[in-house]
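Assemble the whole structure, with the sequences as input and the hints as a guide.
Numbering (UniProt numbering), first residue to last: 1 to 97.
Derived by calculation from the structure, the hints in this document are not laboratory data. One thing to keep in mind: the hints can contain errors.
[Unchecked claim] Each pair of labels, with its calculated beta carbon distance range: (1) 5 to 50: 19 to 25 angstroms; (2) 84 to 63: 25 to 31 angstroms; (3) 75 to 21: 17 to 23 angstroms; (4) 90 to 25: 16 to 22 angstroms; (5) 15 to 89: 16 to 22 angstroms; (6) 14 to 63: 33 to 39 angstroms.
Glycine included, C-beta positions come from ideal geometry on N, C-alpha and C.
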Amino acid sequence: MIRHVVSWTLREDLDRDVAVARVRELLTGLVGVVGSIRSLEVVENVAYPGKNQDLAVVATFDDLAGLDEYQFHPDHQAAAAEIRAMVTSRAAIDWQD
Numbered sequence: 001m002i003r004h005v006v007s008w009t010l011r012e013d014l015d016r017d018v019a020v021a022r023v024r025e026l027l028t029g030l031v032g033v034v035g036s037i038r039s040l041e042v043v044e045n046v047a048y049p050g051k052n053q054d055l056a057v058v059a060t061f062d063d064l065a066g067l068d069e070y071q072f073h074p075d076h077q078a079a080a081a082e083i084r085a086m087v088t089s090r091a092a093i094d095w096q097d
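And the structure:
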C-alpha cells in the first residue's frame with residue numbers, strides 16, 4: 001500500500017473556508033474518476049495556525065503505479081493547477097506500508 005500526503009499553506013488573501021471547501025471538492029471529486037484511488041480525504045489543520053500548514057490530502061493506492069496513474073491523470077492535473085494558484089507552499093511525502 002502506498003500512502004500519499006500533500007499539505008499546503010493557503011494564500012492569506014483568500015477566504016479560508018471557501019478555499020478549503022474548494023480543495024476538498026476538487027480532490028474528493030477524483031474518487032471514482034481515477035480508478036487507482038483506494039481512499040482519499042482532505043483534512044484541515046486545527047492547531048497552531050501560522051506554524052502548521054492549513055490543509056492536506058491523505059490518500060492511499062495499491063502501488064506506485066496507482067500513485068502514478070493519479071498523479072498524471074488529466075483531471076488530477078487540472079485540480080492541482082487550480083490548487084497551486086491558491087497556495088503559497090506545499091510539502092509532500094509518499095511511503096509504502
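Hint by hint, here is what the structure shows:
no., hint, result
1, 5 to 50: 19 to 25 angstroms, "holds, 21 angstroms"
2, 84 to 63: 25 to 31 angstroms, "holds, 26 angstroms"
3, 75 to 21: 17 to 23 angstroms, "holds, 18 angstroms"
4, 90 to 25: 16 to 22 angstroms, "holds, 18 angstroms"
5, 15 to 89: 16 to 22 angstroms, "holds, 19 angstroms"
6, 14 to 63: 33 to 39 angstroms, "holds, 35 angstroms"
No hint from the list above goes unmet by this structure.
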